[in-house]
Amino acid sequence: MKKNSPSIDERLEMHRRMILTRLLEERLGELHKAGKTRGPIHRCDGQEAVGVGATAMLSAEDFVTSTHRGHAHYIGKGLDVGRIAAEILGRETGYCGGRAGHMLIGDITQGLIGGNAIVGASIPAAAGMALSIQVRGASNVALCFFGDGAAQTGICHEAMNMAGLWKLPMVFLLEHNQYGLTVHQSVQSPVADLSIRGAGYAMPSEIVDGNDAVEVYRAVSAAVDRARRGEGPSLIEAKTYRWEGFSTSDMGGYQSEADLAAWKARDPIRISYDSLVEAVGKERLDEIEKAAVAEVDRAVEQALAAPLPSFAVFEQSSPYAGAV
25 MKKNSPSIDE
35 RLEMHRRMIL
45 TRLLEERLGE
55 LHKAGKTRGP
65 IHRCDGQEAV
75 GVGATAMLSA
85 EDFVTSTHRG
95 HAHYIGKGLD
105 VGRIAAEILG
115 RETGYCGGRA
125 GHMLIGDITQ
135 GLIGGNAIVG
145 ASIPAAAGMA
155 LSIQVRGASN
165 VALCFFGDGA
175 AQTGICHEAM
185 NMAGLWKLPM
195 VFLLEHNQYG
205 LTVHQSVQSP
215 VADLSIRGAG
225 YAMPSEIVDG
235 NDAVEVYRAV
245 SAAVDRARRG
255 EGPSLIEAKT
265 YRWEGFSTSD
275 MGGYQSEADL
285 AAWKARDPIR
295 ISYDSLVEAV
305 GKERLDEIEK
315 AAVAEVDRAV
325 EQALAAPLPS
335 FAVFEQSSPY
345 AGAV
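Going letter by letter, the sequence shown gives residues 25 to 348 in our numbering.
One or more hints might be untrue.
Here are the simulated DSS-like cross-link-like pairs (lysine-lysine), alpha carbons at most 27 Å apart as the crow flies [said to hold, decoys possible]:
| id | residue 1 | residue 2 |
| --- | --- | --- |
| 1 | Lys-306 | Lys-60 |
| 2 | Lys-288 | Lys-306 |
| 3 | Lys-57 | Lys-314 |
| 4 | Lys-26 | Lys-263 |
Derived CB-CB ranges, DEER-like [stated by the list, open to error]:
| id | residue 1 | residue 2 | range |
| --- | --- | --- | --- |
| 5 | Ala-282 | Val-215 | 31 to 41 Å |
| 6 | Ala-84 | Ser-29 | 18 to 28 Å |
| 7 | Ser-163 | Ser-210 | 36 to 46 Å |
| 8 | His-181 | Ser-210 | 15 to 25 Å |
| 9 | Asp-298 | Lys-27 | 16 to 26 Å |
| 10 | Glu-255 | Glu-307 | 42 to 52 Å |
| 11 | Gly-224 | Val-301 | 16 to 26 Å |
| 12 | Ala-318 | Gly-224 | 44 to 54 Å |
| 13 | Ile-132 | Asp-283 | 34 to 44 Å |
| 14 | Asn-28 | Asp-298 | 20 to 30 Å |
| 15 | Gln-212 | Gly-276 | 14 to 24 Å |
Hints were generated in silico from the structure; no laboratory data involved.
Positions of the beta carbon are idealized from the N, C-alpha and C atoms, including for glycine.
Generate the whole structure from the sequences, applying the supplied hints.
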């Protein structure tokens, strides 16, 4: 077994969480078409291995900042699918009482800090958390997910510079899915491999197959260990691809059929299945999938039946109540 490799049980749990994420994304697509979601949904079909593989070795005390395409991050960090679905559907039983929507979900008990709608803004937030960890002399780490679009922002470079300078205990996890909104990476950056930027900030960097959860796990695990030892940050670039549009409001047409077919042939769930079937057998993997289907069906059903949030308490307690 290679260093930092997950056990069979850990791989089975990652497999389960990837299936949960995929099923949830598919159901959300259906619910959006039926007019039952509020606003656009940013799906992560095809990217499940990054979010799940990168969080599998983290503890509840380790901090994670997500992106607008963060459902795999939520499930990977251990959040309950039912409460995720309820939040996305604007229900009182959601993680944030139905007020956060799908990309602002947070749960401090699991170290998941609520998101924001600003591209790249989660990166300095994670750097701030890492600085706090360092000042307090704690042993936990901060991991920030961001995309190739966010990698082009000034705030990303500023955060990397500070993290490298101060040797902050953090991991920069770049989900390189080839597109920033609808713009291909080739016209966003003069270099194809964004991980080479790590050298400019005195941090080690690595490119991994973002469709292989085990490979992501190994790389992030080594980076997390390095951060815990006080050796500073790392940059990991996970090459992957999103199968769906930027969001459910995306008209599409800019992704080639050949690219989609090639990436779908490397489905991260299929890769995981094929790597496990010999060790655990088809029956066990089929049971995991069947249980995941039932869990997502139950989560959506219960979320749709849950009450909408009440704003009465806010209205009564707010200093702005009654203001004109």
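message = Need the list of violated hint numbers for this structure, in ascending order.
response = Per hint list: 1, 5 and 11 violated.
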